[in-house]
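**Student:** Let the hints inform the model, and build the full structure from the sequences given.
Line by line, the protein sequences are chains A and B. With the working numbering, the residue at position 278 of the first sequence is 278, and numbering never jumps. The working numbering runs 1000 ahead of the 1-based position in the second sequence.
Keep in mind that a hint or two might mislead.
Computed from the model, here is a short list of chain A residues facing chain B with C-beta under 8 Å [stated by the list, open to error]:
{"#": "1", "residue": "13"}
{"#": "2", "residue": "14"}
{"#": "3", "residue": "46"}
{"#": "4", "residue": "111"}
{"#": "5", "residue": "115"}
{"#": "6", "residue": "121"}
{"#": "7", "residue": "124"}
{"#": "8", "residue": "181"}
{"#": "9", "residue": "233"}
{"#": "10", "residue": "236"}
{"#": "11", "residue": "274"}
These are calculated hints, taken from the structure and not from any lab test. All C-beta atoms in this analysis are idealised placements derived from N, C-alpha and C, irrespective of residue type, glycine included.
Spelled out, the chains give:
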Amino acid sequence: MSTRLTQKKARAAWFFLAPAMVLLVLFFVLPVGAGLLLSLTDFDIYAVGDPGTARFVGLQNYQYLLSTGDFWNALGNTLQYVLIGGPLSLATSLAAALLLNNRLVRLPGFFRTVYFAPVVTTLVSVAIVWKYLYHPKYGLLNFLLGFVGLGPIDWLGDPQWAMPAIILMGVWKNFGYNMLIFLAGLQVIPRELYEAAGIDGANAWQRFRHITLPGLAPTALFVSVTTMIGYFQLFAEPYVMTQGGPLGATRTLMLFMYEEGFRWWRMGIASSMAVLLLLITLIGTLIQLRWVRRES
Amino acid sequence: MRRWSKGTILLHAALVTGALFTLLPLVWMVSASFMHAGEANSMPPQLVPQHPTLENYAALFTRLDMLRNLANSAIITVLATVFSILINSLAGYAFAKLPFPGREKLFQTLAAALVVPAQVGMLPLFLLLRELGLVNTYAGALVPFLASIFGIFLIRQYALNVPDELLDAARIEGANEYQVFRLVALPVIKPILVTIAAFTFLAAWNDFLWPLIVLSDSDMYTLPVALASLVGEHVQDTELMMAGSVITILPALIVFLIFQRTYVQGIMSGGVKG
Chain A
1 MSTRLTQKKA RAAWFFLAPA MVLLVLFFVL PVGAGLLLSL TDFDIYAVGD PGTARFVGLQ
61 NYQYLLSTGD FWNALGNTLQ YVLIGGPLSL ATSLAAALLL NNRLVRLPGF FRTVYFAPVV
121 TTLVSVAIVW KYLYHPKYGL LNFLLGFVGL GPIDWLGDPQ WAMPAIILMG VWKNFGYNML
181 IFLAGLQVIP RELYEAAGID GANAWQRFRH ITLPGLAPTA LFVSVTTMIG YFQLFAEPYV
241 MTQGGPLGAT RTLMLFMYEE GFRWWRMGIA SSMAVLLLLI TLIGTLIQLR WVRRES
Chain B
1001 MRRWSKGTIL LHAALVTGAL FTLLPLVWMV SASFMHAGEA NSMPPQLVPQ HPTLENYAAL
1061 FTRLDMLRNL ANSAIITVLA TVFSILINSL AGYAFAKLPF PGREKLFQTL AAALVVPAQV
1121 GMLPLFLLLR ELGLVNTYAG ALVPFLASIF GIFLIRQYAL NVPDELLDAA RIEGANEYQV
1181 FRLVALPVIK PILVTIAAFT FLAAWNDFLW PLIVLSDSDM YTLPVALASL VGEHVQDTEL
1241 MMAGSVITIL PALIVFLIFQ RTYVQGIMSG GVKG
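**Tutor:** Put into structure tokens, the structure is as follows:
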């Protein structure tokens, strides 16, 4: 009886798992494996018509990428976004979370919803909205800057300012997400710690430095790694706002990969880009993990 | 009412300033969408339309046929949500409650695959769908959303809490395994399914890169893809583009506001990635 039931359960399990497993193998495992192989071929527009014409070329695509200025430019732009935009976004998230976590705040739910709203908006739409906000002549941003005697800045037309403009929009769009995770982290820190520190005469900065920051460390590592991974994939903002310009100043690795793969159909080279991006992301993750381990 | 201290006033001043900056782009978008052509490009910038008009929205749905794109987005998003819940809840339940040889190994293999981002397989996936004749179809746009390792994980985690006695009682009464799942387990794991549904809906609705790749005719474009292609030729028509942005953002915002609690809790419990 019980072995029959066991068998029945095992058989049912396979039926229940089959749809998910078939889909994952067909549309995830297989393509990822094929992507690694594709990066070792000269798969191009002719091969799109007739895959038989693709040839194995070893690491030639990687050699080509590492020797072309376009790749390093795209890597530089992407790193600028990750290394400046990421920390800026996290700092904004943390500041918002600290404000909201204060027990004196009226309507915390309202402010939380407002700060979070940009996260759920459609990226393409808000990129278009910001494109107009950044308009050198009629844009709201330059108008506001005019009040404090700054500008006008040709935000998206000046190679110096285009990436900072995308970074600023990214902070606006994303900070609400990590704010929630920081809030969750803050709520786990025991109130008694602050009360004890208050009795010992610690001021606000000392309490922040010695209680809040250490208490948030695990949360900070988590959001820092996940944000970095997401930021490395910057694509829609430059695609919509600048098409990678001006003068390639906002051409990111993902945009480069999209153009190589789906505009010029150089799928071999585009696949190598994807693999390199994966490696770079992994290295970034390992650096953060090691850095944290050394600190603690 | 309590007297507010200086610190409390400062705190709220900071919060209100932050809220104004956060809302300003969205408020301007809505406002400009009701302006007449050219009004949004005036100096000083107008925050309120002089003579509010619906002509931009009318143009979107007549001249630009955006109803078609709205329908595409709605169909793809709803199908993605329904199928992903169906497929992942069956798998997550099996991993939690139906033992079979090799279960732990399979589960660990899936966990390891979680670190590989989907974009590595994006180009071959496109070629595969082309061979299958699924490029430029709803099915092709759906594919990345159907089975989700992360979704299976979350459901398994939740389904572990379903008491075995409850399932066995149903079996003794003669229910088959599907009925046990459908009538006993499903009601218990419903909260996590609602969370995953809300996240899948928003992810599918807002997605850009994959539909951009796989949908090639403007008839098949989802709203974000249609909007990105329109902005190229209509870059001067600020008011029209703002109406298009409102149409695209509004459904996402409404779904978020309805499921706000689920959504916020999903993120704050650290369980769900957006």
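**Student:** Does each hint hold? Answer for all of them.
**Tutor:** Structure-based check of all given hints:
1. The interface hint given for residue 13(A) holds, since its Cβ lies 4 Å from the closest Cβ of chain B, which is under the 8 Å cut-off.
2. Checking residue 14(A) against chain B: minimum C-beta separation of about 7 Å stays under 8 Å; hint holds.
3. Among the interface hints, the one on residue 46(A) is violated; its C-beta lies about 14 Å from the nearest C-beta in chain B, farther than the 8 Å criterion.
4. At about 5 Å, the closest approach between the beta carbon of residue 111(A) and any beta carbon in chain B falls short of 8 Å, and the interface hint on this residue holds.
5. Annotation: residue 115(A) was flagged as interfacial toward chain B, and the flag holds, the nearest CB pair being 6 Å apart, inside 8 Å.
6. The restraint placing residue 121(A) at the interface with chain B holds, with a minimum CB-CB distance near 5 Å, inside the 8 Å limit.
7. For residue 124(A), the suggested interface contact is upheld, since its CB lies about 4 Å from the closest CB of chain B, less than 8 Å.
8. Below 8 Å, beta-carbon pairs count as interface contacts, and residue 181(A) has one with chain B at about 6 Å; its hint therefore holds.
9. Residue-level restraint check for residue 233(A) holds (minimum Cβ-Cβ distance to chain B is 7 Å; threshold 8 Å).
10. For residue 236(A), the shortest C-beta to C-beta distance to chain B is roughly 5 Å, which falls under 8 Å, so the interface hint holds.
11. A least Cβ separation of about 5 Å between residue 274(A) and chain B falls short of the 8 Å threshold, and the interface hint therefore holds.
The structure shown violates just one earlier hint, number 3.
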